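Protein chains: 2
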Amino acid sequence: MSHVHAVILAGGSGTRFWPASRRKRPKQLLPLAGDPNEPLIAATARRIAPLVPIEHLWISTSAALVAPTLAALPGVAASRALAEPVARNTAPCIGWACATIARSDPDAIIAVLPADHHIADEPAFREALTTALRAAEEGWMATIGIVPTRAETGYGYIEVGDAVAPGVHAAAAFVEKPNRERAEAYLRGGKHLWNGGMFFFRASVMKKAIAKHLPALAAGLDRIDAAAARGDEARALAEVFPTLPSISIDHGVMEKAEKIAVIPGSFGWNDVGSWQVTWEMAQKDSAGNVLPEGAVAVDAKNNLVLDLTTGTNGGTNGGAAGQGGAKVKGKTWALVGMNDIVVVETDDAVLVIPRERAQDVRAVVDALTARGEADRI
Amino acid sequence: MSHVHAVILAGGSGTRFWPASRRKRPKQLLPLAGDPNEPLIAATARRIAPLVPIEHLWISTSAALVAPTLAALPGVAASRALAEPVARNTAPCIGWACATIARSDPDAIIAVLPADHHIADEPAFREALTTALRAAEEGWMATIGIVPTRAETGYGYIEVGDAVAPGVHAAAAFVEKPNRERAEAYLRGGKHLWNGGMFFFRASVMKKAIAKHLPALAAGLDRIDAAAARGDEARALAEVFPTLPSISIDHGVMEKAEKIAVIPGSFGWNDVGSWQVTWEMAQKDSAGNVLPEGAVAVDAKNNLVLDLTTGTNGGTNGGAAGQGGAKVKGKTWALVGMNDIVVVETDDAVLVIPRERAQDVRAVVDALTARGEADRI
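Chains A and B are the protein sequences, given in the same order. Under our numbering, think of the first position of the first sequence as 1, with each following residue one higher. Under our numbering, think of the first position of the second sequence as 1, with each following residue one higher.
Some hints could be false.
Listed below are the simulated DSBU-like cross-link pairs for lysine-lysine, each with C-alpha atoms no more than 35 Å apart in a straight line [what the hints assert, rightly or not]:
hint, chain 1, residue 1, chain 2, residue 2
1, A, 177, B, 208
2, B, 301, A, 284
3, B, 256, B, 191
4, A, 284, A, 207
5, A, 256, A, 284
6, B, 177, A, 301
7, B, 208, A, 301
8, B, 301, B, 207
9, A, 208, A, 259
10, A, 177, A, 191
11, B, 259, A, 301
12, A, 24, B, 301
13, A, 24, A, 301
14, B, 259, B, 207
15, A, 191, A, 207
16, B, 284, B, 212
17, B, 284, B, 208
18, A, 301, B, 284
19, B, 284, B, 259
20, B, 207, B, 24
21, A, 259, A, 191
These aren't lab readings, by the way, just hints derived from the structure by calculation. Being a predicted model, the structure only gives us computed values, none of them experimental.
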């Protein structure tokens, strides 16, 4: 499929990994999935490299993040970065990518992939991707539905309909995040898959769907596209983009359109949603701890300590998510009588939080925002 | 009393304040009692300044600690530092101080005071001290007994006997650390006081008591004294000191000698025994937290966080025990959902421990010792 393109959605600011993730260094630019040398977005690009030539790899991100994002993706040309002047959710962003790619490749088949997920079984993932791209080639707007492994209330679900091709089903419905009871019913029922935010379609099909279901967006995108054709895209973007409707592709298009397919996938998908997940994914010692080299743990179990300082040692201190690689002998970390906590230190901040409250890191970001301390977020 | 001298015992290595206290920077050199600019030993010297002229202030410490100790005590001459070549507990150390002081002032009355305690009510303390020195002048070997405020099992006690002068009692017995039941009985009974390790005596009286109860020590001290008189003290010290019996002044002399007095004192005495005590003594916010400036606390109560790093900010980050004084804007500390913990960070180590386990910091030092990582202790 020589017309296959991929758009990696990398505009997220991600507050759940504070203090490691920051406005200027969001989650997808951090190596949070075990390999201290590979940011999540680099892993995303590497995973699909066998299916998508690098010159067909596009990155949707914010203007402020273009430089660090390209730095994390050697070999990707600056022209492949689609910098949104403001964030307007996924529909405008995907619509703009679609229009841009279609200008040079009207027969483009596009895979849209989040930048910040982890996938354990990459061959199985690529197999599902191939199936989804084939469905897209045949005119479906396809998504991959992750086979649930628990009654998760934090994700949207996709209800599976009839099989339409080998490994491909019609999508009966997109479902909002369920409550606990409903999530358990979904898990038992076996007809609902997690919506992992991956979409596959012909550019021409998506353009038509947007025109039908989001005409205001289509009109705006046409203005940008026309300006781009005459070499005046930057001004049009700055002018038009902020006026586009802020809506997700799920709500704006997928839930309403016809011929929506879902490909069930089981490949160790993980949305790397919190420090809790980082602990789950990391290599642990016999006491369940993830600690910097040389740490002392006394009566301490199931803790995650990440020393991400770059400080006076001329390098990082390692740890599961250490940046930069070289493990040097850093601070002596000592935990006594502490269980199930997360401690993350960066050059300018330290977080201490119970693992099970890892989601509440947002509260710190909220407090700093309320104080107007933007430089600490 | 122009013959009053004071000997501050400052040889302690103190592992209970790791990572702030280190072999080369023990507890008494740290500002652990609330004023971030005043090491405990400096407070000890300041407290007695109205009673003891500075040229009569002697410091007993180890050779390795002479320089930092003198640095903490501006105005004290280097000749006033009594550097023990090896630690042999308090009897040899006090005996040697006694002999040294008596050479130039045979009528010396000596107060021996630990370097690392805190006293809240300084005038009341000086009043007790004056009473104790008066008793010493009259030939008693006196000690101050702290009136207990709780059934403490971590201290030795002194049993109070008959009154022998206003505010002065004979000491009926020195008692080892009691068990819980006995400590409670002591508290109810009102006849037992805490042994705070403060001693007052004429040099001549102590010399006689040592000669009687610790003849081996007396003989060794005589050799050192004779060598000192002919200007050869250093060699004699190095030769003799390691051979002296290692025994406390309490066990070796006070428990056995006659005419031992105790002066009951109530002046907010605190032995600053652990990070728990530091938290108790510190100024706390409305949630009971002691936090570095600018910290964020969400659902977090009764914590002690000390950022003692000197790092890249060109200064310390403050906190109750911050060293150096100037509070600059340092790291953003964030605690979410954590209660009753202690976090202490220095330039080369971080400790996380529940407040109630603060004594177990020793386990960290033990672990580092076992690993042979002396530079981290």
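Verification of the hints:
Simply put, residue 177 of chain A and residue 208 of chain B have alpha-carbon atoms about 86 Å apart, too far for the 35 Å limit, and the pair is violated. About 29 Å separates the Cα atoms of residue 301 of chain B and residue 284 of chain A, which keeps this hinted pair within 35 Å; it holds. Between residue 256 of chain B and residue 191 of chain B the CA atoms are separated by roughly 20 Å; this keeps the pair inside 35 Å, and the hint holds. For a cut-off of 35 Å, the pair hint linking residue 284 of chain A to residue 207 of chain A is broken: about 47 Å separates their Cα positions.
For a cut-off of 35 Å, the pair hint linking residue 256 of chain A to residue 284 of chain A is broken: about 45 Å separates their Cα positions. Of the supplied pair hints, the one linking residue 177 of chain B and residue 301 of chain A holds, its CA atoms being roughly 33 Å apart against a limit of 35 Å. Pair hint residue 208 of chain B plus residue 301 of chain A does not hold up; C-alpha atoms about 57 Å apart against a cutoff of 35 Å. Distance hint between residue 301 of chain B and residue 207 of chain B is unfulfilled; the C-alpha atoms sit about 53 Å from each other, more than 35 Å.
For the suggested pair residue 208 of chain A and residue 259 of chain A, the alpha carbons sit about 13 Å apart, so the restraint of at most 35 Å is met. The straight-line distance between the Cα atoms of residue 177 of chain A and residue 191 of chain A is roughly 15 Å, inside the 35 Å bound, and the hint therefore holds. Between the alpha carbons of residue 259 of chain B and residue 301 of chain A the distance comes to roughly 55 Å, so the proposed pair goes past 35 Å and is violated. The suggested pairing of residue 24 of chain A with residue 301 of chain B holds, with an alpha-carbon distance near 31 Å, which does not exceed 35 Å.
Pair hint residue 24 of chain A plus residue 301 of chain A holds up; C-alpha atoms about 33 Å apart against a cutoff of 35 Å. For the hint linking residue 259 of chain B to residue 207 of chain B, the alpha-carbon distance of about 14 Å falls within 35 Å, and the restraint holds. Annotation: proposed proximity of residue 191 of chain A to residue 207 of chain A holds, straight-line Cα distance about 30 Å (limit 35 Å). The hinted pair formed by residue 284 of chain B and residue 212 of chain B fails the criterion: a straight-line CA distance of about 51 Å is larger than 35 Å.
Taking the CA atoms of residue 284 of chain B and residue 208 of chain B, the gap is near 49 Å; set against the 35 Å cutoff, the hint is violated. Among the hinted pairs, residue 301 of chain A with residue 284 of chain B is consistent with the structure: their alpha-carbon atoms are about 30 Å apart, no more than 35 Å. Distance check on the hinted pair: residue 284 of chain B and residue 259 of chain B sit about 45 Å apart at the alpha-carbon level, beyond 35 Å; violated. Restraint check for residue 207 of chain B and residue 24 of chain B: satisfied, since their Cα atoms lie roughly 32 Å apart, inside the 35 Å limit.
As the CA atoms of residue 259 of chain A and residue 191 of chain A are separated by approximately 18 Å, the hinted pair is consistent with the 35 Å bound.
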